[in-house]
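Participant: Start from chain C and add chain E according to the hints.
2 protein chains.
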Amino acid sequence: MPELRFNPITKEWVIIATERAKRPEDFKSRVRKKDIPHFVDTCPFCPGNETKTPEEVYRIPELDQSLQAASEWKIRVVPNKFAALHRKAEKMRINEGTKHIISGFGIHDIIIETPLHNMTTALLPLDHVAEIIRTYKRRFIELYSEPKIGHVIIFKNHGESAGTSLEHPHSQIIGTPVTPSQVRNRMEEAIRFFDITGECMLCKIMAEEKKEGTRVVVETEYFIAFIPYAALTPFHTWIFPKRHFAVFSDIADEEILDLALNLKTTLAKLYIGLNEPDFNYVIRSNRPTDARSECFHWYISIIPRLTTTAGFEMGSGIFINTTIPEENAEYLREVKIPF
Amino acid sequence: MPELRFNPITKEWVIIATERAKRPEDFKSRVRKKDIPHFVDTCPFCPGNETKTPEEVYRIPELDQSLQAASEWKIRVVPNKFAALHRKAEKMRINEGTKHIISGFGIHDIIIETPLHNMTTALLPLDHVAEIIRTYKRRFIELYSEPKIGHVIIFKNHGESAGTSLEHPHSQIIGTPVTPSQVRNRMEEAIRFFDITGECMLCKIMAEEKKEGTRVVVETEYFIAFIPYAALTPFHTWIFPKRHFAVFSDIADEEILDLALNLKTTLAKLYIGLNEPDFNYVIRSNRPTDARSECFHWYISIIPRLTTTAGFEMGSGIFINTTIPEENAEYLREVKIPF
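Protein sequence lines, in the order shown, are assigned to chains C and E. Sequence positions in the first sequence follow our numbering and run 1 to 339. Sequence positions in the second sequence follow our numbering and run 1 to 339.
Just chain C, with the same shape it has in the complex:
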C-alpha cells in the first residue's frame, strides 16, 4: 500500500509509492563509468591553467611566491567566469505593476576542490575534505561580510545529470541580493513550530531518527546522516549536526574534521553502493546575523540524481518516491568501504 508522508521542513507531502517500489540495488548504475584522466590540458581548473580563470580570491596553501610554483595548490577559490550575478554591479530595484526587478548584484565563486581532474569527495584524503569544509566556512563568512548580500548558498553539482558540464571537482558559493522565498518560508515554519512547542524542529526530527535508527546511514561523533522519513527522491540524505546551532560558520574545528568524516563516508557509501551516481549537495544555513537562531538548525542535503522530476512534481510540489527510505538506509549501512 502506498502512503503519503509529510516533510515537516517543507510542509509538503511525499508519496512513497511502495507498489511500484524499486529495490535499492536497482539504482546501482550498470554503465561502466568512462575513464577520466587526472589532468586535462583544456580544463580551466587543472593545475598550470590558473590564468584561464578570473583572478583567484583564495587558495590553500596560501601562495608564497618565493617557495612554490603558482600551480602548487590544494584548493583554489575563483570568481565564476560565467557568473550568474556580479559583485561589481550596483544593487538597484525597479517596481512596475506586477513586475519587480533587482539588478544583477551578487557574488558567484567557484571552489576548485583539488588539482586532480578525476577525483571525487569519496576518494579524497580526510584532511583534504576538512580543508574544503574549512574553505566553505571562510568564504561563507566573507560573502556575508558584504552587507548588500541577503543570502548565501554553498552547493556542489557532480556529474552531467546533476547540472554541470565541468568534470573537474568543484563546489560553488552564491550570494544573492535577496533572501529566497523558499528559504524564508522554511524559516517561518521553523519559527512557528518553535513558538508552539518551544523546540527546534530539526532537533526533534533528529531525536526521533536516533531513537528509531532505521533510517540512519552514518553516525559520527558530532554529525548524523540519515534518509529523511519523507525523502523526496531515492537515497535523498540529510546530514545534521548533533549540537543545535543555526549558522554553518559557527562550526568548531573538531566538528569540521568530524563533518569531513561523515560527509566522505556518506558519499563513499553512495559511490560504492550505487556505482558513482551523479549528485548534488547543498548546505542549508541561517545567515549569521539572523535572530531567532534557537528555531533553526543548519544541515546538508544530498540528492543523488537517479530519477527525473515530471509534470506531477512540478504541478503539485508533491514528489513521488518509488523507493522505501528504510530499505535504502539499510542498504547504505551495509555498504563496506574498501579504502
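Just so you know, the hints here were simulated from the structure itself, not pulled from any lab data. Incorrect hints may have been included.
As the list makes no split between identical chains, a pair holds if one copy fits it or if it spans any two.
Said to hold, decoys possible - In the DSS-like style, the derived pairs of lysine-lysine whose C-alpha atoms are separated by at most 25 angstroms in a straight line are:
| no. | residue 1 | residue 2 |
| --- | --- | --- |
| 1 | 91 | 33 |
| 2 | 99 | 22 |
| 3 | 91 | 81 |
| 4 | 81 | 99 |
| 5 | 88 | 22 |
| 6 | 11 | 99 |
| 7 | 34 | 336 |
| 8 | 74 | 52 |
| 9 | 11 | 91 |
| 10 | 91 | 28 |
| 11 | 22 | 52 |
| 12 | 242 | 99 |
| 13 | 11 | 148 |
| 14 | 33 | 336 |
| 15 | 81 | 22 |
| 16 | 204 | 99 |
| 17 | 211 | 28 |
| 18 | 211 | 11 |
| 19 | 148 | 88 |
Facilitator: Here is chain E on its own, set in the frame of chain C:
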C-alpha cells in the same frame, strides 16, 4: 547585466543570466529524432492491446459493441497500472511526533490521447486536441465528485527527459487526498493580492502582457500564450484564459475549441522551433467547490525540458534562466507552422 525578476505567482525570484545567455536557436536540438513506428506490438496503449491495461473507465467514442471493434477508439482513459495512489484504499491518518502519514488513497488515471504510437499534440487534428481537452474536463469533474479527494492535477510528460519512459502519447490525472502546500501557498498569495488590490493577480499580469506584447507567443480568441516575465527556464510558457474564471472545468464549449487551437499552435511552434523538445505541461486550477474564486484564475504551464536544475535551484528555489524571455517569445512568434 544579469537581473533578478520576480515571479508574482510563486513569490520567488528568477535570475535572468543575460551574460551567459544563449540565443533561442541554441536550444534547437541538433540530434535527429529516432523514427518511431505508429504501432508497437508490446505497447499497452496501442490498439489491440486494450486488455493489457486495467479496465477502461472512459473512451471516445463510447463503445457500441454491436457496431464497432473494441480497438476502435480515439481516446481511452484507464487507471494507471502502476498507480502512485489507489482509489480503493481507505483514507486514514496517523500522527506520531513529527511524523504524519496518510494511507495511499487517491486516483491515478492515464488518458491515452490517440491510437497512434508516434503522434504528438502539435500534429494531431484540431478537433482531436479538443476531444482531449473535453476528456480532461470530464475526468476532472469526475475525480472531484469523490469527496475524499483534496486536489486534482492534470499533466503530461512527453519524452524521456520529461520523466516518462512510455512513448505512446498520454496525459495523466491524479487526485490526491490532500491539497498540496505548494498549491495552497499560491492560492493564499493570490487571495492576499486580491485583498489588497481588489484585482485578480493573473488578470493583472495578463493585462500587462497584452499591453507590452513582447512576450506573447500565440493569441487566439479566448486564450493567450506568453513567456512569463520571470520564466523559470528557457521557453517556459503560460497559457491563460482571457475570461476570468478559477476552475478549469467551467470552460465553455467554444473555449475548448479555442484552447485546442492555442495549445496545438504553441506546441507546434516549440516542435518546429526547437526540433521536437521533450516537455511537460500541467493545468493549474482551483477546485470546483473552492470559495474565493474571484482571486484565482486557472492556467496551463508548459515546460520544455532543455536544461537541468542543479544545487542552486534546489537549495534556494531561485532558478537561473540563461535565456531572455523576450527573445524566446520573438523567436517563437516567427516560427511558421507548415501544416
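Participant: Compare the structure with the hints numbered earlier in the document and write down the numbers of the violated ones, lowest to highest.
Facilitator: Hints 1, 4, 10 and 17 are the ones this structure does not satisfy, whereas the remaining hints hold.
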